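Undergrad: For reference, the chains in residue letters:
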Amino acid sequence: MSDKVVYMDNNATTRVAPEVLEVMLPYFSDLYGNPSSMHTFGGQVEIAISEAREKIANLIGASSDEIIFTSCGTESDSTAIFSALQAYPEKRHIVTTRVEHPAVKNLCENIDKITGHKHKVTSLPVDREGMLDLQRYEESLTDDTAIVSVMWANNETGVVFPVAEMAAIAKSRGILFHTDAVQAVGKIPIDLNVTSSVDFLSISGHKLHASKGIGVLYVRRGTPYAPFLIGGHQEHGRRGGTENVASIVGLGKACELAGERMEEENTRVKALRDKLEKGLLDSISHSMLNGHKTERIPNTTSVSFESVEGEAILLHLDRFGICASSGSACTSGSLEPSHVLRAMGVPFTAAHGSIRFSLSVYNVEEEVDYILEKLPSIIQNLRDLSPFWKGNHSGAVGSSQCKCSC
Amino acid sequence: MWNYTDKVKDHFLNPRNVGDIEDASGKGEVGSLACGDALTLTFKLDAEGRIEDAKFKTFGCASAIASSSALTEMIKGLTVEEAEKITNEDIAEYLGGLPKEKMHCSVMGREALEAAVANYKGVPIPMAQGELVCECFGVTDLEIRRAVLESNLKTVEEVTNFTKAGGGCGNCHERIEELIMEVRKEARDEAKSEEAPKRLTNIQKIKMIEDALEREIRPALRKDGGDIELIDVDGDFVMVSLRGACVSCAASQTTLKEYVEKKLREQVLDSLIVEEVKT
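Residue numbers (the numbering used here), protein chains in the order written: chain G, 1 to 406; chain E, 1 to 279.
It cannot be assumed that every hint is accurate.
Simulated crosslink set (DMTMM-like; lysine to aspartate or glutamate; CA at most 20 Å straight-line) [as the list claims (entries may be wrong)]:
(1) E:K55 - G:D384
(2) G:K390 - E:E22
(3) G:K390 - E:E48
(4) E:K7 - G:D318
(5) E:K85 - E:E48
(6) E:K9 - G:D3
(7) E:K27 - G:D384
(8) E:K9 - G:D133
(9) G:K171 - G:D112
(10) E:K9 - G:D384
(11) G:K390 - E:D23
(12) E:K207 - E:D236
FYI, nobody ran anything at the bench for these hints, they're computed from the structure. In this text the structure is predicted, and so the values were computed from the model without any measurement.
Just chain E, with the same shape it has in the complex (with noise of 0.2 Å):
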């Protein structure tokens, strides 16, 4: 038996806002009586654009049921623009929680809110639009694009169980395999590239370096008797000269690496290295 929090079972045995508008704003229809769920949402505006009213039907289990009475007590008095952002997440954050094969219930409510809203703009869905991969229960590549990247799914189970996709003959188990690997890498890159450090150009890099010299690092060795001077960049590998007291002192390396390498890796770039020149 499933383990439905108290609030879905609240709102299965006791259902919000259960009805079709007449004059409805918008009206969303999802699922079908094959794929086992479906419901048809409507809503409609008050005189600011705020929803002042939701209504559902639903056909299915009592996840399904809560799902959609849950989404029409989360979006009444909600603009439009604050409705669309509502996830399925949020869906079942507010039940308190789904179990996870049950997780399409909520991904099916968000759906048929952007169905609504679509239909109130007058403009395509835009989750239709995308390449049909699971024909058995229509669902569309940018369905399980989305789900994979807002719910981190790694699994065609997953997938299964928070859209549906793959339930069924399951000849599209590649394809979503596939496109797990590439939102995953897409994510991964993107989250490479807000790491990384901005590239410097060499006259960048050179110039931060000479300022760094002369704001800060010279100062300080000048009040040991000592001095430093920049030779060359190569790439990562700054190379200097040790001036002053510096040449003859005994920590004069720990001072290059300990200091000087310290202070340019933190201003310029972490990953220069420091080395000293004779000349």
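Bound conformation, chain G alone (with noise of 0.2 Å):
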């Protein structure tokens, strides 16, 4: 592996922003007094988790008293959910999509094993440019939906959905409304004020330049909710467990970061993705962007090459000490690609050969150029060895028998 690092994989985690490394050392050695304590030392770090607890309301428009502390952004889409059956029992409904992330997708999929009761959970499915169909959503609602949930913004295409417009449509049936936006806190303008109608709302601390193992779950005022770990008075009884304090001043930190970088973000980033998968989709042929060209986050980018698969080119580039990721069956270990990718109906000529591109503030054009430098002849050396670049491989075994609907 090439000594360099290119990293353009922030959907998947971001660095520690430096500054935000240096606001959370004290709380590792001298600040170790725990929140709750009855003494100034400890009361210290109270403070310091007030403050934090403001910043990242001040970056969505919420108030300080809507934010949960979690442990993760699964957390609390989890707690958000569990919440919402627990608040409408007798309602057995959830809307949601098939590009949710896992950790909504494979909860709503295994809801009756946990909760003991039958559920019906409708996913919606996306068009061709991985967007919704509104009147459908419309009509999926019922008296018996206990909630909608879906993410502002998609993991893997970059693709933003509606969620205003959407959580204003639950709002006026008298259903709750959660969103998962760890992609989209941070990178896109979000105003909770004026999006009143969002009832909860996921952040991921790793997703934006904050450490792993720390999430937020926004309640709006007057929400019903009920805790998912259930211990101490933490978090006025919301949320039990100690807090990770020195993860919580981080994320205080990042997200003033990021609310001052957020036009950085939409300009400069937003640029750099441009040149990259323009570049990309100019001097390689058979390629494809995967997702809605305007409405999307400004980092993301899905590219698709026909022919090639995605976990040899992701293997290529980590020679050159370019990360990125692959929508392909290959990468994760399963024998499909990427569900998001199939539910959007992108051919299996290219669903296997995806490649993700997403950017930071940390992203410089030189390494925009070195990727476009290398990529090209990654493709060509791969196509070079696959049957189906100006073969002719018809598929003996199996594959004339294929009948995958994925």
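With the hints as a guide, bring the two chains together.
TA: This is how it looks when you write it as structure tokens:
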């Protein structure tokens, strides 16, 4: 592997910003008090947590008492959905989408096993560009619907859903609305004062340059809520467990930075993303963009290269220190390409060869140029190896009978 | 990230024998774009019937490319009969092992070889003749049976790792489970029948007992002034009567169990039980 690292896998995780690390460190050493303690030594830690809570609330237009600290985005998602089901025990219908992150998708698929009750889950389809049909969404809502859980931005394609509109529709029907916003917070402006119908919103610290192991669940004031982790009185009894102080303080700083860098993210980073995307599509034939071109977070691009397989591309990129990810089957150990690309109806010729680049404010133009220099020949070399590239592989065993509906 | 061996990385980054042989003796195509990996294998025989050249083209992940590259290296110089003996485990071993989720890549290599050999011989591909079990990845019961037997697979997940069967919609999981049970039962039965002593008929048994008595046991007892007589054989029970010095010997029961029974079990059947009948 090369010594150089070109990190463009920020939807997987991000580097902890140096400014964030700096404010975290004292809480690993001198400031080790328990914020619940009745002494000044612990009390000063409680103050730091309050300040962090304020900064996080500011980034999303919430008030600080609407912020509950959790361990990760997944915990936030689970807490929100179980809250709604407990608030309306007689309602047994959940509306979500086919392209959710596993944190929501797998939870909904297994909800009967966990709750011991039979639930109906409607997973809304998306079109070829990864967009939802709002009319279909509206028609899916029933009097039995307890909660709608729809991601704000998709992790694989970056496609942004019309969350404000969807939340308003849910509210008008008296249905709770949750959004997994881990890929949106810090990348696009969010103001929950304006988007006033969202009841629950999940944040993950490590997706916006804070550390791993810290998440937030925003719960709108007045929304029915039931704790997921039951224990001490932390978070006003809404989430038991001693606070992850250093990470909370770090997340506060990260949210402050994200607010300051929001414009850069949507101008400079977006321009880098667009240059990379255009460069790849122009220089590599039989390639295509996955997802809507404009309704997207500014840092993400998912491009498919026909007749080649994603894992092979990633391992070649890895030799040059380039970090990206793929929706191919082989990278996950599963045998089918990503559920997101399948839901979008991306043809097999392209789904297995998809590569996602997700940028951050730490990326520079030279890195984009470096990828544009390396990737075309990687694709060409793999295509030279591929029986589908200008070949006539007909597939003797299995393939001829392959009826995959995926 | 997958933990690939250096050999897998080497064959992936520097694949050997890429291409198509124009006037190939045999050509095999397996897999499909939908399934996520596919391989075209061609080989050419020399005048003596040895594989003088083999080439491949593969669409797939690093281990699929490495398995294909390894296969072409392995079969060069072999006769068709020798090449046919190569299993997927051999390919994986050549590469220093594959992650278990990637074993199907080595299976694909072997299937391509079988398809190419079938093409050379002008016969249908044997593995494609069975019942289609996994519709998503087009896997037959024959392929599943062989993988279960050869790689000692015990769960549906393992079968999926090796053959891909069951990795899609999951509708065939029950059928795969049945196949695993069937194959394992067959394997057990076979093992049992191999271990089990050959069944003796009554006459054979009696003759062998008499033989052992006459040849070894009676001469030994006679040395001490005793003797033994066979009275009857009923199933595993061998009824004998002690004679001479044995009748009054305090150790006669020990002799019966520790010597006579032991000898008969060794030489005839290890389920025999020797009992004394007083006459």
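Undergrad: Hint by hint, say whether it matches the structure.
TA: The hints, checked one at a time:
1. E:K55 - G:D384: 13 Å, holds
2. G:K390 - E:E22: 15 Å, holds
3. G:K390 - E:E48: 34 Å, violated
4. E:K7 - G:D318: The hint holds at about 17 Å.
5. E:K85 - E:E48: 19 Å, holds
6. E:K9 - G:D3: Distance ~18 Å between K9 of chain E and D3 of chain G Cα, so the pair holds.
7. E:K27 - G:D384: 18 Å, holds
8. E:K9 - G:D133: Given that 20 Å is the threshold and the Cα spacing comes to 45 Å, the pair is violated.
9. G:K171 - G:D112: 25 Å, violated
10. E:K9 - G:D384: 18 Å, holds
11. G:K390 - E:D23: With a Cα-Cα distance of about 18 Å, the restraint between K390 of chain G and D23 of chain E holds, given a limit of 20 Å.
12. E:K207 - E:D236: 14 Å, holds
Hints 3, 8 and 9 from the list above are not met by this structure, while the remaining hints are.
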